[in-house]
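Student: Sequence:
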Amino acid sequence: MKEKLTVKQYLLVSTLLFGMFFGAGNLIVPPMTGKMAGSNVWLTMVFFCVTAVVLPVMGVIAVAKSGGLKNLAARVDGKFAAVFTAAIYLSIGPALGIPRAGSVPFEMAIKPYLPAALTDLPGLSARLPLLVYTLIFFGVAYWLSLTPSKLVERMGKVITPALLTLMAVLFIVSLSKGMPQLGQPLSEDYSAHPSLTGFIDGYMTMDTIAALNFGLVVSMVIQGLHIKDEKKMVSTTIKAGTLSGVLLAVIYFLLAYLGASSAGMFADTENGAQILGRVSMHLLGTGGTLLQGAIFTLACLTTCVGLITSSGKYFTTLSTKLSYKSWVTIWTVLSFIFANIGLNAILSYNVTLLFVLYPVSIVLILLALTDRFVESNPLIYRATIYTTLVISAVESLDKVLGVKLPVLQSVFSQLPLYDRQLSWVLPAVIALTVTFSLKLVGVGSRVREQERL
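In the numbering used here, the protein residues as written are 160 to 612.
The set of hints was computed from the structure by calculation and includes no laboratory data. The model shown is predicted, which means the values in this text are computed figures rather than measured ones. Where is the CB? At the ideal position from N, CA and C, for every residue including glycine. Be careful, since some hints might not be right.
Straight line, CA to CA, 30 Å or less: simulated DSBU-like cross-link-like pairs of lysine-lysine [to be verified]:
id, residue 1, residue 2
1, Lys224, Lys309
2, Lys309, Lys390
3, Lys238, Lys390
What follows is a list of derived Cβ distance ranges for each label pair [as the list claims (entries may be wrong)]:
id, residue 1, residue 2, range
4, Thr165, Ala453, 26 to 36 Å
5, Gly444, Val242, 45 to 55 Å
6, Asp236, Val566, 20 to 30 Å
7, Phe425, Leu481, 42 to 52 Å
8, Val510, Asp236, 41 to 51 Å
9, Glu534, Leu273, 49 to 59 Å
10, Thr592, Leu287, 50 to 60 Å
11, Ser482, Glu534, 37 to 47 Å
12, Ile500, Leu334, 36 to 46 Å
13, Leu528, Leu287, 47 to 57 Å
14, Asp236, Val588, 20 to 30 Å
Kindly produce the complete structure, drawing on both the sequences and the hints.
Tutor: Below you can see the structure in the form of structure tokens.
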């Protein structure tokens, strides 16, 4: 049994984790945040990284320390653990994350530059380019996912370094040619409240949910490198997670700078993909278009493989009738189908589910990382988690689906940050404070003893 990884192995695990986190959304959001923030980009991005880097890394660590997501969720109760864990793996995996990983790079970075002869085909023929692209994309993702023991070798050594190299080319060229000076913030939010706005922009990447999925893959990879002792696995995860987080933060700052410095030149851009496309074309001509397409494809491929692998591994633990290979095949085929014909039909419902699960995931992670004080107290976990769950569910039904629950919404809409979909924060803090106070007088312990009886 090994005591610790070599420096090279730490780097490989860190780049693997970075690659799994860094998908299309991570490419798109920072440039747009930078454009809107203007001269306030640096302060905005510091707080962006709190929710887009620190929380996801903490999520991976929390899963490692708890011995898996289901064990972590079981601190609330058994039924919650079963439903929450399955919902996490399905919502961020085959129901949304995996299909979008295949379709987004095509829509954002490939389709806009295809000749009209391919995009203006009649009827279903117009979908042929997407079909061909996703067939190749998911074929490669399937091959990579079939042998998780080789993820470090293939993704950590080859694919993620290739992605980082391509991005380095873009950054080096942009910095060497000198982009224009940063302008003024383009909205009141970024001008008056850059810290809060950056925090919320980072929150909207939803990488914390992905972290709960990827924690399983990271633990599996570290075990494959012959680290078996639980404490050593956790310490290894912390070190690798921290390094990947630093890398994420550096990339986010550079992407935001591209958005902020190009705002005057490309004022009509409406999203991060357009910003990267215009900047790439401006700096590198036709080669910039190819560079953008390659960056989007590789970024989404690494995320896709991480999601397929984690979903396959988890569902293998639920049923001995289907092998890991069978689950990987099922999720890949379904994702390929959704990416081509069925994603929009389920998108609004799944986004609603994600907005419900996301706050719960954050609270669960924070409780797990403070468990030395909380001591897995069931009263604390249940009160804090279910308070967050109810408020985020009502808020998401209203904001995403337009479903009205007048009595509850009239109450919850009075909470701070309701318009930012963060109204759950204050009630969660109150629930935690009250139940922690009760724990100090032994109430939570009595709940645990009654359950054992």
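Student: The hint says 47 to 57 Å between Leu528 and Leu287; measuring C-beta to C-beta, is that right?
Tutor: 48 Å, holds
Student: Given the hint of 50 to 60 Å, is the C-beta distance from Thr592 to Leu287 inside that range or not?
Tutor: 58 Å, holds
Student: Kindly confirm whether 26 to 36 Å is satisfied by the beta carbon distance between Thr165 and Ala453.
Tutor: 30 Å, holds
Student: Range first: 36 to 46 Å. Now tell me if the beta carbons of Ile500 and Leu334 are that far apart.
Tutor: 42 Å, holds
Student: Can the restraint linking Lys224 and Lys309 be considered satisfied, given a maximum Cα separation of 30 Å?
Tutor: 24 Å, holds
Student: Please verify whether Lys309 and Lys390 have alpha carbons no more than 30 Å apart.
Tutor: Holds: Lys309 and Lys390 sit about 24 Å apart, inside 30 Å.
Student: Confirm or reject the claim that Phe425 and Leu481 have a C-beta distance inside 42 to 52 Å.
Tutor: Distance hint for Phe425, Leu481 holds at roughly 49 Å.
Student: Taking 45 to 55 Å as the hint, is the beta-carbon distance of Gly444 and Val242 inside that range?
Tutor: 52 Å, holds
Student: Could you grab the alpha-carbon distance between Lys238 and Lys390 and see if it respects the 30 Å cut-off?
Tutor: 28 Å, holds
Student: Do the Cβ positions of Asp236 and Val566 conform to the proposed distance bound of 20 to 30 Å?
Tutor: 27 Å, holds
Student: Return holds or violated for the Cβ distance of Asp236 and Val588 against the range 20 to 30 Å.
Tutor: Roughly 22 Å apart at Cβ, these two residues keep to the hinted range, so it holds.
Student: Lying within 49 to 59 Å: is that true of the beta-carbon distance Glu534 to Leu273?
Tutor: 58 Å, holds
Figure legend: structure checked against the earlier numbered hints; the only hint not met is number 8.
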